[in-house]
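Sequences listed follow chains X and Z, in order. Note that this note's numbering has the first sequence beginning at 928, numbered continuously upward. Note that this note's numbering has the second sequence beginning at 20, numbered continuously upward.
What the hints contain is simulated information worked out from the structure, not anything from laboratory work. Treat the hints with care, as some may be off.
[What the hints assert, rightly or not] Here are some of the chain X residues that sit facing chain Z, going by a computed Cβ distance under 7 Å:
1. Pro-962
2. Pro-963
3. Ala-968
4. Leu-1005
5. Gln-1006
6. Met-1008
7. Pro-1026
8. Gly-1027
9. His-1030
10. Met-1032
11. Leu-1034
12. Arg-1068
Every residue, glycine too, gets a C-beta built ideally from N, C-alpha and C.
Spelled out, the chains give:
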Amino acid sequence: MAHLERALIFLALGAASSAAAGPLTVTDAWIRATPPGARTAAAYLTIANAGAADRLVGGTTSVARTLEIHTHLDERGLQRMVRLAELSLPAGETVRLAPGGLHLMLLDVSAPLAAGASVTVSLHFAAAGTLEIEVPVVDARAPSPTTHPAH
Amino acid sequence: MTARRLVLVAAALTATVLGVATWVYLDASPNRALDIDGYVLTQPRALPAVELVDEHAERFLSADFAGHWSFLYFGYTYCPDVCPLTLVTLATLKEQLAAEQPAARIEYYLVSVDPRRDTPERLREYVAYFDSTFRGLSGSPSTLAALAQATETLFDVPEDQEADNYLVSHSSNVVLLDPAGAVHAIFTPPHDPARLAADFTKVAARYAAAR
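Only chain X is shown next, with the shape it has when bound in the complex (with noise of 0.2 Å):
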């Protein structure tokens, strides 16, 4: 699943974007379509920090009421979503924000994510002061075997 979704991810970029605040880069940011009437969301996205340690410690869109920094931890099994108040971004170090794991989660979707769309988030950022990105959102279902003949 992550290489099909690597794989749109890749198409909906293009060349692929990014934003810069200070030493840091967002990457491979994208939304999850929603399925109708959908009040929840999820994006993903990828933080590089060339610079000295900062923290994420939220955000806001235009689409959702809020928007959350979460995690899952695997409590024997028990898969529990808990939201993060802020998240670390040590110096010289990658976060990947990605399916099954940390995610930004948005919170009252006001309408659906249409593949397509773009969505603009503003990132906080402790030290950074706050990034402006656009997000594609992708449609991450399995492709249609009319459309996509399985290899």
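The hints should help you fit chain Z onto chain X, whose structure is shown.
Same frame as chain X, but now just chain Z:
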């Protein structure tokens, strides 16, 4: 300790005891266990007789699982990350198995552990988004607890539901019911559709050979 907590703890204890018992049994058994991403129950376990509600708001009984293989995933539609990820995996699995074993009768179900928000209508549009043949089931909290216990599934719906944004915790296993409607195997995450297809083929072949 609340009743819900007790159910969770009881389910966890049962799962642990069964897991250890299975491990001890398999380790001592001359019949090698099938090597799958998860485990095959040494003895298929019948589901309790419960009444669920399907995505058309129709009654769905445990007995309705009989006559075909069933893949069950327990989750909820407000879940933005692991549930879509798993349903996409199941949709890919379905396509692969349909191509490899067109004669096999297999159904795919999302069992919502969050009946308060997941109405049949909500479930219908949600599962159909992933595959038009996917089914959606839910039921009362006590029904879901009984089903969860039999399928070694854990879930925890917060009681404090003043807002509509509460988070539900749940195990991310995929449960396989055999054509007798009994719990036959449990697949553990992370799930890969090709691996699930290969594992299912092994399990189904042994099931057919034993009959």
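Against the structure, the hints come out as follows:
1. Pro-962: This hint holds: Pro-962(X) lies near chain Z, its Cβ roughly 4 Å from the closest one there, short of 7 Å.
2. Pro-963: Interface hint status for Pro-963(X): holds (5 Å vs cutoff 7 Å).
3. Ala-968: holds (5 Å)
4. Leu-1005: Interface hint status for Leu-1005(X): holds (4 Å vs cutoff 7 Å).
5. Gln-1006: Nearest chain Z Cβ about 5 Å off; hint holds.
6. Met-1008: At about 5 Å, which falls below the 7 Å cut-off, the nearest Cβ of chain Z leaves the hint on Met-1008(X) intact, so it holds.
7. Pro-1026: Status holds, d = 5 Å.
8. Gly-1027: OK, holds: Gly-1027(X) within 7 Å of chain Z, min 6 Å.
9. His-1030: At 5 Å from the nearest chain Z Cβ, His-1030(X) passes the 7 Å test, so the hint holds.
10. Met-1032: Interface hint status for Met-1032(X): holds (6 Å vs cutoff 7 Å).
11. Leu-1034: holds (5 Å)
12. Arg-1068: Since the shortest Cβ distance to chain Z is 5 Å, the answer is holds.
When each numbered hint is compared with the structure, no violation occurs for any of them.
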